[in-house]
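Participant: Here are the chains, one letter per residue:
Number of protein chains: 4
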Amino acid sequence: MTRFDLPRRLVAEGLGTAMLVATVVGSGVMAASLTQDVGLTLLGNTLATGAILVVLITILGPISGAQFNPAVSLIFAISRKLPKRDFGGYILAQIAGGVAGTIAAHLMFGLPLVEMSSKARTGGAQWFSEGVATFGLVAVILAGIKFEQRAVPWLVGLYITAAYWFTASTSFANPAVALARSLTDTFSGIRPVDLPGFWLAEIAGAVAALILCTWLLRPGATSTASSEAKL
Amino acid sequence: MTRFDLPRRLVAEGLGTAMLVATVVGSGVMAASLTQDVGLTLLGNTLATGAILVVLITILGPISGAQFNPAVSLIFAISRKLPKRDFGGYILAQIAGGVAGTIAAHLMFGLPLVEMSSKARTGGAQWFSEGVATFGLVAVILAGIKFEQRAVPWLVGLYITAAYWFTASTSFANPAVALARSLTDTFSGIRPVDLPGFWLAEIAGAVAALILCTWLLRPGATSTASSEAKL
Amino acid sequence: MTRFDLPRRLVAEGLGTAMLVATVVGSGVMAASLTQDVGLTLLGNTLATGAILVVLITILGPISGAQFNPAVSLIFAISRKLPKRDFGGYILAQIAGGVAGTIAAHLMFGLPLVEMSSKARTGGAQWFSEGVATFGLVAVILAGIKFEQRAVPWLVGLYITAAYWFTASTSFANPAVALARSLTDTFSGIRPVDLPGFWLAEIAGAVAALILCTWLLRPGATSTASSEAKL
Amino acid sequence: MTRFDLPRRLVAEGLGTAMLVATVVGSGVMAASLTQDVGLTLLGNTLATGAILVVLITILGPISGAQFNPAVSLIFAISRKLPKRDFGGYILAQIAGGVAGTIAAHLMFGLPLVEMSSKARTGGAQWFSEGVATFGLVAVILAGIKFEQRAVPWLVGLYITAAYWFTASTSFANPAVALARSLTDTFSGIRPVDLPGFWLAEIAGAVAALILCTWLLRPGATSTASSEAKL
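As given, the protein sequences belong to chains S, A, B and F, one line each in that order. FYI, in this note's numbering the residues of the first sequence are -18 to 212. FYI, in this note's numbering the residues of the second sequence are -18 to 212. FYI, in this note's numbering the residues of the third sequence are -18 to 212. FYI, in this note's numbering the residues of the fourth sequence are -18 to 212.
Since the hints were made in silico from the structure, they are not lab data. The model shown is predicted, which means the values in this text are computed figures rather than measured ones. Take these hints with a grain of salt, some might be off.
Okay, derived cross-link-like pairs now, SDA-like style, lysine to any residue, Cα gap no bigger than 20 angstroms in a straight line [what the hints assert, rightly or not]:
1. B:Lys127 x F:Arg66
2. B:Lys127 x F:Arg(-16)
3. B:Lys127 x F:Pro43
4. A:Lys100 x B:Arg131
5. F:Lys127 x S:Ala132
6. A:Lys127 x B:Arg131
7. S:Lys127 x A:Pro43
8. F:Lys100 x S:Ala132
9. A:Lys127 x B:Gly91
From chain A, some residues computed to sit far from chain B (all C-beta separations above 12 angstroms) [said to hold, decoys possible]:
10. Asp67
11. Gly91
12. Pro93
13. Gly104
No residue lacks a Cβ here, since even glycine has one placed at the ideal position from N, Cα and C.
Please work from the sequences and hints to get the whole structure.
Facilitator: This is the structure:
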């Protein structure tokens, strides 16, 4: 899968998730401190997140696959893109990196190292949003890998740019990042009590995307053959 | 044209149109809920739409051609890029997908499944805008396919990003998406009664682009030959 | 230079300049109508202009070179990238296209076909801005063509995106577009009386870039040789 | 390293740093003059800076490496990507270019040639921000060069786009640019007295990135071999 050993791959997953979370949390704090307009705050948050995703996936993808996301790692483990024996390590690195990212953002903005978020994100509309968001993310990754591998960093960055706006939840779509965001009481936070709902919705969306893509991305051999036979 | 069978192609057209409409409608609802500034609302709507177009055309183009648009499918059917026997199926998939996209956006934001739009979009300036918008879209697609096939997802995403702002209608440029947007009474809606005017203008613009491009994109053999003869 | 005959090349120059001006003028009208914030207005204007430049240069570059700009055509004529006998036709096509673009934008927004702009843009700071803007544009094009031909559409789109903000004049950098913008009394207009100052500054900047690039982009053969001799 | 002689490389470094600083300073002045919203001001500043970085690195990279940054040149000198005898010249060219960029921006906006900034940027949170910002920048450059050389202009432009928002200091990440920005009393300025703290933090971050990348980017030969042996 990669010629890098496990320690380097785990550091890449941890570092990437940390930079991602530091960007999400930090840009939310920055934007909220500069403007009263919540639309503009989300815009600053979006730009920074979309941009850093392209960068991180490009530079760390060749080392670890740049998953930064337990839902993605789960799909990769199921579809044998990630060796099953590495799955646990990846999840732990992502969680540790995510928490470190929140702490780093707080240090950059002079906030307490961690704080529990008080931002409620719950209910059917939010869960459906997270399911759709993660469904789309996993579909983009699986189809991107198949059709246009080198574009995947851009596809993910652009997808999240859109999903920040088209979902009611601003598209967490990542259980480790959601956990890390429960430790900040700022713009991008989520109450710890709301995590399980998000996690379930994200995993459901990811699995749904895997099921659909397993069918959709495999050319229908029989009917193509018969269609060619007609030519 | 593609090695994927018709069911997969129709699912790709439906899924892509659904994701596109969910993005257009959803990001409009999100943006309007976060800011009072209509310029900023259109900006959030634009960013999300432009970004998702690049993504959807990249990942679904290899399956179905990623047309998501009856006006484009019409041009492709006329110019034999789409088998005529598939034309009807494509249109139905796009319409069904578009409606599903509106419903999905409404579910994500806790709105009624569908509602009739009350947003008036009519009159000569609007129709001329839609004609120009669709003319440009089809010209971009036809020239892009000829000169830089792999850039087409980017070209379409960037073109629509611009056209949201340079047309008075915010550039629907898509009869199926327009229909789906008549079912939401939010920022991106259009009154059902205004649909026929938009449809006619869009088809007229698309046909005009096909006519121009048929001449413009074919190197003028005679005069080039005579010019080469002079060298 | 291209295998397209002169009529097609002139239509490409005219169409491209028309689409460019329609975008500049139209997005300015749209943005100014949606928000009171002039910063946000320029942002909408910038996004649309940068995006359409990438598109237009990609799809029309293979036909005519996608110059859309008399200052660029002048530099190309001097440096023999454009046959001198085509220079006059290119300029006329660009001017006609530009005026058509303003008219098209006005039609889309229900304004009078043309109107004289009352927006003053004059004085040393404005002229220096235009000189810098056009210097940069021509340098980007010449270096881009030399080092990374296929990236030129992106480089020009991104350069203008930046130059809209880093110059006091919002970077017209184009005599034909400036002329066309004197015919709209909206956000992006310029008083006809201010055109000569802009034109002179733009041509001076373009020529300065040509002189610098003629030296800078040619590897210094002697000193490189002596440096290699030392290895 | 490059087939261009030292004078051309130094001009490229100076010109590039000048254009970069003119963009940072000029877009800050422009944005602050158009809007009262500081979030929007930073957005205009960000867009222009990110865009010009992609352009400048693409067109000047083939000549000088497009470092524009003493912290980057230091890392390149240590890792033998820049001949040590050229290091001093590069730094001087970057400083001279940076100061010229501030002057050019001031001329474009009708301000005094230079003025001392009164904008305080000091304290642990700011220094940590600069350390993180420069750490990330150097890591992106080193990994980008290794894995995806041609994407480096995009990676740097996108990284800085994000870092303007995720750091409390808006990510100067460049000692020469910081110096040049101490000479403008506008949005992007920094008090001269605050420079040493920024410089130290930037160099510390750069060196930390070099140390990490030296380990991270080298595939772990032994453990990969043993892992392959198991297959």
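Participant: With reference to the structure, classify each hint as holding or not holding.
Facilitator: Each hint, compared with the structure:
1. B:Lys127 x F:Arg66: violated (28 angstroms)
2. B:Lys127 x F:Arg(-16): holds (14 angstroms)
3. B:Lys127 x F:Pro43: holds (10 angstroms)
4. A:Lys100 x B:Arg131: violated (43 angstroms)
5. F:Lys127 x S:Ala132: Between Lys127 of chain F and Ala132 of chain S the Cα gap is close to 18 angstroms, so the pair holds against 20 angstroms.
6. A:Lys127 x B:Arg131: OK: Lys127 of chain A and Arg131 of chain B at ~15 angstroms, within 20 angstroms.
7. S:Lys127 x A:Pro43: With Cα atoms ~10 angstroms apart, Lys127 of chain S and Pro43 of chain A stay inside 20 angstroms; holds.
8. F:Lys100 x S:Ala132: Roughly 41 angstroms between the alpha carbons, so the hint for Lys100 of chain F and Ala132 of chain S is violated.
9. A:Lys127 x B:Gly91: With Cα atoms ~35 angstroms apart, Lys127 of chain A and Gly91 of chain B exceed 20 angstroms; violated.
10. Asp67: Fine: 26 angstroms to the nearest Cβ keeps Asp67 of chain A off the interface.
11. Gly91: Given that every Cβ of chain B is farther than 12 angstroms from that of Gly91 of chain A, nearest at about 26 angstroms, it holds.
12. Pro93: The claim holds: Pro93 of chain A sits with its nearest Cβ about 27 angstroms from chain B, beyond 12 angstroms.
13. Gly104: Nearest chain B Cβ is 8 angstroms from Gly104 of chain A, so the label is violated.
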